[in-house]
Amino acid sequence: MAGNAVGLGNFLRFPVQAVQNGGGAFIIPYLVCFLLMGIPLLWIEWSVGRYGGRYGNHSTPFILDNMTHRSFWKYFGVFGIFTNIAVAAYYCYIESWTLSYVYHSIRQTFSGMSQGEVANFFVSYTDVEHSTTGIPYEAVIFYLLCLFLNTWILSKGLKGGVEKVAKIGMPLLIGFGFLLAMRGWTLGDSGAPVGCTDCDSSMGLDFLWSPNFTSLTDPKVWMAAAGQIFFTLSVGMGTIQCYAAYVRSKDDIALNAMSAGWMNGFVEIVLGASIVIPIAVGYLGLDWVKNNAGFSMAFQTMPFLFDKWGAVLGTLGGVMWFGLLFFAGITSSLAMGTPWMGFMRDEFDWNNNKSAWSFGGLVLLMGLPTVFFFQEGVFDEYDYWAGTVSLVVFALAETILFSWIFGIDKGWDEINRGADMRVPSIYKPIIKYVTPLLLLFVFLGAMFTPKDNNWKRAFTEGWELDKSSIIGNITHQGLVANKDYVAEVFESEVTGVVAGIRNDRGKQQIDIADAKGSVIKTYEFSAKQTVTVAAGDAVDVLTPLATGKFYNKVLFTDMSRLYLVALFVFIALLVRKATRLRRQTGREA
Amino acid sequence: MSSGALTLMLLVQISTTIVTGFFFWKVLKTPPKPEPDSYDDNDNDPR
Numbered sequence: 001m002a003g004n005a006v007g008l009g010n011f012l013r014f015p016v017q018a019v020q021n022g023g024g025a026f027i028i029p030y031l032v033c034f035l036l037m038g039i040p041l042l043w044i045e046w047s048v049g050r051y052g053g054r055y056g057n058h059s060t061p062f063i064l065d066n067m068t069h070r071s072f073w074k075y076f077g078v079f080g081i082f083t084n085i086a087v088a089a090y091y092c093y094i095e096s097w098t099l100s101y102v103y104h105s106i107r108q109t110f111s112g113m114s115q116g117e118v119a120n121f122f123v124s125y126t127d128v129e130h131s132t133t134g135i136p137y138e139a140v141i142f143y144l145l146c147l148f149l150n151t152w153i154l155s156k157g158l159k160g161g162v163e164k165v166a167k168i169g170m171p172l173l174i175g176f177g178f179l180l181a182m183r184g185w186t187l188g189d190s191g192a193p194v195g196c197t198d199c200d201s202s203m204g205l206d207f208l209w210s211p212n213f214t215s216l217t218d219p220k221v222w223m224a225a226a227g228q229i230f231f232t233l234s235v236g237m238g239t240i241q242c243y244a245a246y247v248r249s250k251d252d253i254a255l256n257a258m259s260a261g262w263m264n265g266f267v268e269i270v271l272g273a274s275i276v277i278p279i280a281v282g283y284l285g286l287d288w289v290k291n292n293a294g295f296s297m298a299f300q301t302m303p304f305l306f307d308k309w310g311a312v313l314g315t316l317g318g319v320m321w322f323g324l325l326f327f328a329g330i331t332s333s334l335a336m337g338t339p340w341m342g343f344m345r346d347e348f349d350w351n352n353n354k355s356a357w358s359f360g361g362l363v364l365l366m367g368l369p370t371v372f373f374f375q376e377g378v379f380d381e382y383d384y385w386a387g388t389v390s391l392v393v394f395a396l397a398e399t400i401l402f403s404w405i406f407g408i409d410k411g412w413d414e415i416n417r418g419a420d421m422r423v424p425s426i427y428k429p430i431i432k433y434v435t436p437l438l439l440l441f442v443f444l445g446a447m448f449t450p451k452d453n454n455w456k457r458a459f460t461e462g463w464e465l466d467k468s469s470i471i472g473n474i475t476h477q478g479l480v481a482n483k484d485y486v487a488e489v490f491e492s493e494v495t496g497v498v499a500g501i502r503n504d505r506g507k508q509q510i511d512i513a514d515a516k517g518s519v520i521k522t523y524e525f526s527a528k529q530t531v532t533v534a535a536g537d538a539v540d541v542l543t544p545l546a547t548g549k550f551y552n553k554v555l556f557t558d559m560s561r562l563y564l565v566a567l568f569v570f571i572a573l574l575v576r577k578a579t580r581l582r583r584q585t586g587r588e589a
Numbered sequence: 001m002s003s004g005a006l007t008l009m010l011l012v013q014i015s016t017t018i019v020t021g022f023f024f025w026k027v028l029k030t031p032p033k034p035e036p037d038s039y040d041d042n043d044n045d046p047r
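As you go down the protein sequences, you meet chains A and B in turn. The numbering of the first sequence is my numbering, which starts it at 1 and goes up by one. The numbering of the second sequence is my numbering, which starts it at 1 and goes up by one.
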């Protein structure tokens, strides 16, 4: 289970969340969420899954249904299948980057590249029309290869074999991660390019670990911290319940859940926090990291570090790092296939082959938009709604169900049944009161965050929603320009100065810099579009930058949301059909 | 690096390492259960 839990979230997602949520502002809510939500939820999900498995249920809709007499709970269980498919859709894309970077490390593609060139290589790679190898639609090919590999392994029932390999791969990854963490701790400003004043790894560590108590009142940060904990521990997803459904009723779950959870925490807090952020800050500077935080950071910085080790060691470093990340990723993505497969097997009697390939098909349908429209933000939309909000909603629902409807006394007995450790009794009131209340607070706070997170003003002068709130997100409150789906003019979304206009991959790129001269935004236009500004021009929000035909980001944002809703409705309809089938065959829980 | 940041980092990373090590040691120390579990009376439980 630790193999499943330790994944790309530890090394790639955690640094992004930390940077996007203020570094030191993030770490305190993160730790609180780990202790008061992550650990209780691990126990809840393991015991819920094992309980459901005792009655022949291996996916969350009917596991939850089994715990209560109210049938609507099974529709909350839809999240336990939906989230896995939606997350697998973009997770496979990240996995495919690692696979591709193994290939590029072997080919020594990054040899002699400057730090800026390594960072831009990733941008070129995710531009599907451009090829870095000569293979047309390279990013799509690697994605398909990765998804095929996942599906094939699931269909052949070879997941156990992969997990055995992961038992060797995981310690190797941790060992190698430790070496890289040492570099993160010691790099300092030795890798700083000439003229870079904020290229120092210790500034990255300082940014990440400086305690910031103001974050304790910011629901956005709490939401991100909870989402990260759930993502990384795979709670709120439905995967753990599916695994636990196969555990015998008197086998231990308490100690297993703890050891897997803390091992995951160790990899994330000790290693994940010490690699990508400090190394990226050491080479690219703190401002760059703050402006470019994304899953891509590790891909935009680590090859440059390995290249400095020389040809042989550098190639070996690249292959090990990206190869081991691939292994960490594939054990997690294979686990994401099990809830759907368990559901189709239980309810529709589908065999392994059929359920695995149907999972692959669904992931392909959902995933292709993240590949083709990565730069239009589809990937980030999936990560926000499926990889953050859905996890919190499902975790909240199952915690209430477990503690208050199923009953904490019965639940506590389930957790302790066959336990190889004494579960601290303090966790009984925590599971009953603290975890659901904290989850409710996080969810409602994120849903209705007041403008500028000013709660006092909201209560006294009227409630104006912040653009980062869930409702603000749904209603596009953060959108300041380019509000139409299709337009003939493209407007600037920031204020600054046109620092330069470049031509790359047959496209025109405009860099907008702030007063300090740091590039804060880069826009890209095709040859068919006409740039209407020149280098040195001052631009404001809404200043036209180019004319032509534009499909704005808001179009892709809304399309991806509709896509996710359609997936949820599709699974809910399947659950409805399965319920009818159960009634007809007398299999009701 | 400020002393506040360094303190928080060391405190959190060292305590996480200790707790992880403890649970890892406890898992290794727990004897494997013969048969799928150590109980015979649940063998006919529906699963």
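The set of hints was computed from the structure by calculation and includes no laboratory data. Some clues are possibly wrong.
[To be verified] For lysine-lysine, the following DSSO-like pairs were computed, each having C-alpha atoms within a straight-line distance of at most 27 Å:
| no. | chain 1 | residue 1 | chain 2 | residue 2 |
| --- | --- | --- | --- | --- |
| 1 | A | K483 | A | K528 |
| 2 | A | K250 | B | K29 |
| 3 | B | K29 | A | K167 |
| 4 | B | K29 | A | K308 |
| 5 | A | K167 | B | K26 |
>> I'd like to know which numbered hints this structure contradicts. Please list them from smallest to largest.
In response: 4
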